[in-house]
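Please construct the entire structure, taking both the sequences and the accompanying hints into account.
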Amino acid sequence: MTVDPADVLRGYLHDGDRNDNEALARWLDPDVETHSPGGVTTVGIAAQAESWTAAHTGLGELRHEVTDVVAEGELVAARVDVTGIHHGHFLGIAPTGRRIRVDQALFARVRDGRIVEMWEVVDTGAGLRQLGVLSGQQRLSPGS
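Numbering of the sequence shown is given in numbering that gives the first Met the number 0, commencing with residue 0 and proceeding in unit increments.
Don't read these hints as lab results, they were simulated from the structure. Just so it is clear, the structure is predicted and the values come from calculations on it, not from any experiment. For every residue, glycine included, the Cβ atom is placed at its ideal position computed from N, Cα and C. Please note that the accuracy of each hint is not assured.
[Unchecked claim] Simulated DEER-style distance windows between Cβ atoms:
{"hint": "1", "residue 1": "91", "residue 2": "71", "range": "16 to 26 angstroms"}
{"hint": "2", "residue 1": "73", "residue 2": "37", "range": "20 to 30 angstroms"}
{"hint": "3", "residue 1": "115", "residue 2": "21", "range": "33 to 43 angstroms"}
{"hint": "4", "residue 1": "25", "residue 2": "134", "range": "38 to 48 angstroms"}
{"hint": "5", "residue 1": "62", "residue 2": "91", "range": "31 to 41 angstroms"}
{"hint": "6", "residue 1": "6", "residue 2": "95", "range": "13 to 23 angstroms"}
{"hint": "7", "residue 1": "6", "residue 2": "120", "range": "27 to 37 angstroms"}
{"hint": "8", "residue 1": "6", "residue 2": "84", "range": "22 to 32 angstroms"}
{"hint": "9", "residue 1": "6", "residue 2": "80", "range": "11 to 21 angstroms"}
{"hint": "10", "residue 1": "94", "residue 2": "69", "range": "11 to 21 angstroms"}
{"hint": "11", "residue 1": "35", "residue 2": "100", "range": "17 to 27 angstroms"}
{"hint": "12", "residue 1": "94", "residue 2": "1", "range": "38 to 48 angstroms"}
{"hint": "13", "residue 1": "69", "residue 2": "25", "range": "31 to 41 angstroms"}
Written out as structure tokens, the structure reads:
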């Protein structure tokens, strides 16, 4: 039975949003390699579980809504709307109580029904502006 890579990515995001770290093993290869903003690369399911826990600690009502998805072979690309309420320390920022919405692009390689590699691109500047850390005119410069 062939598994649709888009369904795997959606399942992964669904269980991540539920903060169900045990369920991540259903969607992730044990040695999953994840490339995140800032040049951070992590390996393994435990690293992904830590990332989801940190996100839920800082953002209540965290949701990832896949708005567009394209899959070809073992590759899948998705445009995702990420929303949450900043209710805890997140990215070193004290809670503001503000609701935020940022764009995210996810690219994943799926083999045997599990994500083996993933790339995340997040509009961090928009999130920081919504949290009041950047003004509407400030831009993030390369290397910041």
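Going down the list of hints, with the structure as the test:
1. Range check, residue 91 to residue 71: about 38 angstroms between beta-carbon atoms, so the 16 to 26 angstroms window is missed.
2. The hinted range of 20 to 30 angstroms is satisfied by residue 73 and residue 37, whose Cβ atoms lie roughly 26 angstroms apart.
3. Restraint check, residue 115 to residue 21: a C-beta distance of roughly 20 angstroms breaks the suggested window 33 to 43 angstroms.
4. Range check, residue 25 to residue 134: Cβ separation about 42 angstroms, and the 38 to 48 angstroms hint holds.
5. Under the hint 31 to 41 angstroms, the C-beta atoms of residue 62 and residue 91, about 23 angstroms apart, miss the expected range.
6. Distance hint check: the CB atoms of residue 6 and residue 95 are about 35 angstroms apart, inconsistent with the given range 13 to 23 angstroms.
7. In this structure, residue 6 and residue 120 break the distance hint of 27 to 37 angstroms, their C-beta atoms being roughly 21 angstroms apart.
8. A C-beta distance of roughly 28 angstroms is found between residue 6 and residue 84, which places it inside the suggested range of 22 to 32 angstroms.
9. Separated by about 19 angstroms at the C-beta atoms, residue 6 and residue 80 satisfy the suggested range of 11 to 21 angstroms.
10. For residue 94 and residue 69, the Cβ-Cβ distance of about 36 angstroms falls outside the hinted range of 11 to 21 angstroms, so the restraint is violated.
11. Distance hint check: the CB atoms of residue 35 and residue 100 are about 19 angstroms apart, consistent with the given range 17 to 27 angstroms.
12. Between residue 94 and residue 1 the C-beta distance comes to about 44 angstroms, which sits within the given range of 38 to 48 angstroms.
13. The given range of 31 to 41 angstroms is broken by residue 69 and residue 25, whose C-beta atoms sit roughly 23 angstroms from each other.
Checked against the numbered hints given earlier, the structure breaks hints 1, 3, 5, 6, 7, 10 and 13 and satisfies all the rest.
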